[in-house]
Amino acid sequence: MPKNKNLIDKIANLAESFADLAASDLVEARAVLSAAGKNPDTILDKGMKRIEKIRSSKKNNYKNNPMQEENVNLDARDDLKFLTQEAESATIIIEHDKYDSEILSAEEVFSTFIKKQPFRNSSYQNLKVSDEVKALKFHKITKELCFIIKMQAEYAKVVPVIKGRQENIFLNNNTIQLTIKSGYYIHKEVCFFLDKESLVFAESFLKDQDQSGQMALGKALSYFSKRNCLRWITFNPDILDIKKITGSNVYSKESNLFIRDLYGYQKEGLQWLQYCCINRIGGILGDDMGLGKTAQTIALIAWLTETDVFKNILIVVPGTLIENWRREFAFFTPDIVPYIHHGTLRTGSVKLLETQRVVITSYSMIINDQFLFNKINWGLVLLDEASHIKNPNSERRVSLKNISANVRIAMTGTPVENSLVDLWSLVDYVNPGYLGTKEAFSERYIRKDIEKTLQESSLSNLRKDISHIMLRRKKEDVLDSLPIKIDIHQALELSFPEAQLYEQQRESILSQASAGEKGHILKLIQDLRQYTTHPLLSEPNKLHNSDIKDLSSSSTKFKRALEILDEIRSSQEKVLIFTEYLNMIDVFKRTLSSHYGIEIFNIDGRMEINERQQSIDRFTESKDFGIMVLNPKTAGMGLNITAANHVIHYTRQWNPALEEQATARAYRNKQTKGVNVYYLFYTNTIEEIIDNRLKAKTTLSGEVISITDTETSMQEYLNALSKSPFKNP
Amino acid sequence: MSQTDSPLDLLENHDWSTTIIKLSAYAVSICRIMRNQLPKGLEPEDLAMDAIDKVYAGERKWDPQKDPNLLNYLKSVVKSLISNHFRSEEVRIKGGEYSSETPLLGHDNIEEEMYYQQLDQEIAAAMEGDPELCLVYKALKEGYKPGEIAEEYAMEVKKIRNAQKRLHRVVLKIINILSKEITNAKK
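Chains as they are written, first to last, in my numbering: chain A, 1 to 729; chain B, 1 to 187.
Derived from the structure by calculation, the hints contain no laboratory data.
Small disclaimer: the values here were computed from a predicted structure and weren't measured.
Be aware that one or more of the hints could be misleading.
Here are the simulated DSS-like cross-link-like pairs (lysine-lysine), alpha carbons at most 30 Å apart as the crow flies [stated by the list, open to error]:
1) B:Lys180 to A:Lys401
2) B:Lys54 to A:Lys49
3) A:Lys38 to B:Lys158
4) B:Lys158 to A:Lys49
5) B:Lys165 to A:Lys38
6) A:Lys38 to B:Lys79
7) A:Lys549 to B:Lys54
8) B:Lys180 to A:Lys723
9) A:Lys375 to B:Lys180
10) A:Lys53 to B:Lys173
11) A:Lys49 to B:Lys180
12) A:Lys49 to B:Lys61
Just so you have them, the derived chain A footprint on chain B, three or more residues with Cβ under 8 Å [said to hold, decoys possible]:
13) 16 to 26
14) 41 to 55
15) 71 to 83
16) 168 to 180
Every residue gets a Cβ at the ideal spot worked out from N, C-alpha and C, and that includes glycine.
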């Protein structure tokens, strides 16, 4: 009998006994799940899929694998008998290699035998059918291509060998139908197992073929666009020449739902995106940071909605940016209210999701709820910060690839972060097969030495290929139509635990405010600002012992700042980060220097005045990417740091004039580049009020709000405190 | 189960449709009563599937001779996964080093303790002095299994189970009320 220490242990015993009870009987178990607001059938469905996945993976460590050296008698299957009549024996022997790892995957089997086939084009990996694309209605794809499309549906699974059967590559249609209906596809010496969904696919595919096994290209294209298949074949898109597209005037319409004005280059971008959607071509919008990728894509969505080109659109963004996207929609297209699929209260209903015109979700939700998203055929899937799928094997990329869509568009300012494989991963997501397999791509372009990779002559071919499906404009390309300073207000949402703590503090201040303790309130307000800078600032020991992972997991703002820094690093530019908390400055210095492997410069009150200029000089002279962290009160005036063309206001200043002065360190005479100024703020917190003050200030033509006006400030402080992260704005 | 069946054979032939539901209910049930939170985005039923994954992959070696009941073995894996999550969460909150020796729930968080005290008191009040319920409640808290309680107090197991079910309903009701109160208090 266990000896219990305290009440919590006792309650734990109780919990376990109830859990045993819940698991003792199926009816009881279902009732427990339902009572907890969960759908047992959904859990079961998801669970069975995972079991299938586990079964198909090769990570099994149990030694006595029953798959080895086993004879499988398929004789019992009457519908397969015709295949075995002429075979050496009535028993089909399924042979395996000695070790799991040596069993060929379906992919390997395909590549082994398809490679040998005399296709009209020399490469099976990337059959170019651009001529046919030009005349979708009239051309047909050959039976060879039909075969490949069918084979690429990723359903052929089992790879055993059947001895002595099937010498011809192409069976006649009747035989194919019969074998497929029996649940197997026999090809040459290989027997492919087809699952239930694959049968449905295969049968509908067969119906779309004519007597000679050919298929109208339009129909084939629709299979292609659903992305259920085709990893080795792609339709080579026409060159997406932006000038041709805009010059044609075919895609010049904008939606009435979009109520703001676009810059000229953004209008061109919109037309390019429209072209992609109409022609079912996946594209990458790779404009520089600050050029308004979000605005262009929202304009596209407004147009798609108005013209009814696609019924439903899925937007996948980092969790930190969901609130920002919601606001962008409200700003650009107030009539389109996106459905946010995020958080614990999200729906589990496919029907509900299906009926939404625009759904916004996060990358993590894609992994968790892929079984939901998979069931819907999306018109457009749009990825923001698409560098999140740069790792081809990451779970989020695999999950995303399983979601079918007519068109996929990826947005990123940094298509290549570390290696060319990042680019392959992105391109292969938006246009599967366009760059061939990863292995072939690596063999062709990637060398161990980065210098050698860059010198590779074939890179120019790659550039050309990529330019067909990527629109990338640099800031300097569009400077004529661009303001020299771009303000980027990024609305972030506190995570639930962060919001809970913030709320406690806010309520404590409010209760003291009602008691009239004004002096104390100011201190508490400062505490709130400190909290929104980083929750761990109130616990210095913990703060200084935390690594970059801890810091970003405990602060949405820190996480977002890192994402922005990653982008700036990829463009090899310099950035100023403003925060008034010395501990935060130290944390930035410590963590960013090890993370990026560079010296992080700083200017704050602890530094002698003559040392400050030296620090700026060294920062200016440093090559490429550079970070300087500054206290806006110490470094806000008089310094000239035009080497940086990015400014991040990390801790927001109550007085907007202070922020403007700080921005002016980089945005001043002699600045040769456009300057991006990021204002990071949490919605429904004191920071939102600060952000609004700044925006109001800019419209009030230079009015400076005095920080000494305590009465006004006090009222504004109290107004600011009315914002609660738990109440909708 | 024959002597020659390997763990993998048994896993392959197992009726997962029942086990998935039961194991998920087990995980959900534990997480509902204990106040610790799983990491964001992770649901109790995910842990149930993680447990199956680990057993399948051999990361948790299941010995059918030793534990013939697969569900029971999976339950122990789920429990250990939940403990690990709670421990790491506790370490994250309190700081300090993680160790597998870190006790699961024996921390000194006053708020948690007060919550469980209140829960205990509310359950006691809700039983309204029903002797059978009180006895079962006390014994379950001490870690007795229904069979052991039956033996100890010379009662029918069926009766104990019924009392346990009634008690479960009472506890869930109280937890719902407490959660609402806490949420309201925070607002």
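Hint check results:
no., hint, verdict
1, B:Lys180 to A:Lys401, "40 Å, violated"
2, B:Lys54 to A:Lys49, "16 Å, holds"
3, A:Lys38 to B:Lys158, "28 Å, holds"
4, B:Lys158 to A:Lys49, "36 Å, violated"
5, B:Lys165 to A:Lys38, "20 Å, holds"
6, A:Lys38 to B:Lys79, "20 Å, holds"
7, A:Lys549 to B:Lys54, "26 Å, holds"
8, B:Lys180 to A:Lys723, "22 Å, holds"
9, A:Lys375 to B:Lys180, "35 Å, violated"
10, A:Lys53 to B:Lys173, "38 Å, violated"
11, A:Lys49 to B:Lys180, "35 Å, violated"
12, A:Lys49 to B:Lys61, "22 Å, holds"
13, 16 to 26, "holds (count 10)"
14, 41 to 55, "holds (count 8)"
15, 71 to 83, "holds (count 3)"
16, 168 to 180, "holds (count 3)"
The structure fails hints 1, 4, 9, 10 and 11 (numbered hints given earlier, in ascending order).
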